[in-house]
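**Q** Residue numbers (numbering that gives the first Met the number 0), protein chains in the order written: chain A, 0 to 144; chain B, 0 to 209.
Treat the hints as calculated values from the structure; they're not laboratory data. Being a predicted model, the structure only gives us computed values, none of them experimental. The C-beta atom is built at its ideal place from N, Cα and C for all residues, glycine as well. Hints should not be assumed to be uniformly reliable.
Computed beta-carbon distance windows for the label pairs [what the hints assert, rightly or not]:
| hint | chain 1 | residue 1 | chain 2 | residue 2 | range |
| --- | --- | --- | --- | --- | --- |
| 1 | B | Lys188 | A | Met107 | 54 to 60 angstroms |
| 2 | B | Thr21 | A | Met107 | 35 to 41 angstroms |
| 3 | A | Ser102 | B | Thr92 | 27 to 33 angstroms |
| 4 | A | Ser49 | B | Leu89 | 23 to 29 angstroms |
| 5 | A | Thr94 | B | Arg90 | 31 to 37 angstroms |
Take a look at the letters that make up each chain.
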Amino acid sequence: MIGDSSYDRMLQECLKGELRIVNAGLPQNRKSLSSLLGEEYPHVKCSDSSVHSFKRKELEYLASLINANEQVALLLPILIELGANKAEAAIICQTGIEEEIISKILNMPAQPQNGRITIYKPQLTLLRRVLKTTTQYIFTQKILK
Amino acid sequence: MSQLIKVRPTKIELVKLKRKLTLAQRVQKIVKDRLSILTMEFLQTARDTIEAKKNLVDSFSSAYKALSIASGYHGYIALEKELIASETDLRITASSRNIAGVRIPSFEITGKEKEKPIRRYNLSDTSSWVDHTTQLYKRCLKHTVELAELQRSLELLGMEINRTKRITNALEHMIIPSLEVTINYLNMKFEERDREEKARLKRVKVLLAQ
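Kindly generate the complete structure, drawing on both the sequences and the hints.
**A** Below, the structure written as C-alpha cells:
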C-alpha cells in the first residue's frame, strides 16, 4: 500500500508544476511585425517574465510575404493551438493576415473557421521549419475536457 | 502491479480520490500532447543539425583548400601579416525562445560585420584568393553559430523529452492505476457494508417477528 505521505504530495506538486510549465512561455502581449522590425533586438515578454526573441531573418521573410499595411496589423508570435485531436492543430487567426501567410508558406488554400485555421501535423512541421521563432504553441482548455 | 493507496474507507476519501483521478487524467492528456510536440520538434531539430553539420564540414573543407592555395600563392608569413591586420570582434546576440515550455537558446550574428563586410587587409598587395578565403571563412562562422544553437536545442529537447516520458509513464503505470484500484476497492467496501447492513436488518426483522 502506498502511504498518503510525502510521496503523494510530491506527485501532486509534480502534476501542478506540469500544468504551470505548458503555458508559461506564452507572450504577455503580442507586437506587430512592423514594430518588431524597428527594434534592435526584436522580442516579446512572456507570462513567466522571460523573453521570447525573434530572428530578424524570419521577420524579414514574413515582411516579404505581406504588404506594409498588413505588417502593421499582423501580431506576432502567431499562436498555434493544440486541441484534443492529436492529429490536428489550429492556428489562431485574428486579423486574417495569418491566413494569407499560411497559404503562401504551405502552398495551399487556408480557410479559417471560427477564427482558426486547422492544419495537420505534417503541415505543422513544414510551418515550424520556416517560422521557428515567430510561432508559438498554446495548450488550451479544450484538451482538458 | 498497481498498489492500493492507504486511505480511510469513507465517502469523503472516495470523492477526494475521484477528484485526484480526474486531475491525473487531465494532466496525462496535456503531458502526452506536449510529448508529441516535443518529439516532433526534436526530430526536426535533429534533421536541421545533420544538415548544419554537413554544411559546416563542407564549408570548412572548401575554406581550408582556399587557405592552402592562398598561402601557397603569397607565402605563409606574408599571408599571416595581412590576416593579423584583418582581425575583428565578432558580435553574437544570444537570446532564448520557448518551445512548449522548454527554453531554447537562440544565437544570431549581429553588428556591422554581418551587414557590410570590411576587408582590413591591403587589397593592392593581396590576390583574389585571399578575398575568396575570407568569404569562405565567414560562411564557416555563420554555420558554426547555427550548429551551436541547434546542438544545444537538441540536448535541451532530449532532456525534456526524457523528463516528460518519465512523468507520462508514472501517470500511466503508477498513479492512475493505483487511484482506479483504490476507488474500486472503496466502492466494493461500501457495497459490502450495504449488504451487511441489509442482512443485519433482515435478521432483526426475523427476530422481531418471533
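**Q** Each hint: holds or not?
**A** Taking the hints in turn, this is what the structure says about them:
1. B/Lys188 to A/Met107: 54 to 60 angstroms: With Cβ atoms ~58 angstroms apart, the hint holds.
2. B/Thr21 to A/Met107: 35 to 41 angstroms: Once the Cβ atoms are compared, 39 angstroms apart, the range 35 to 41 angstroms for A/Met107 and B/Thr21 holds.
3. A/Ser102 to B/Thr92: 27 to 33 angstroms: holds (32 angstroms)
4. A/Ser49 to B/Leu89: 23 to 29 angstroms: For A/Ser49 and B/Leu89 the Cβ distance comes to about 26 angstroms; the hint holds.
5. A/Thr94 to B/Arg90: 31 to 37 angstroms: holds (35 angstroms)
Hint violations for this structure: none, all hints satisfied.
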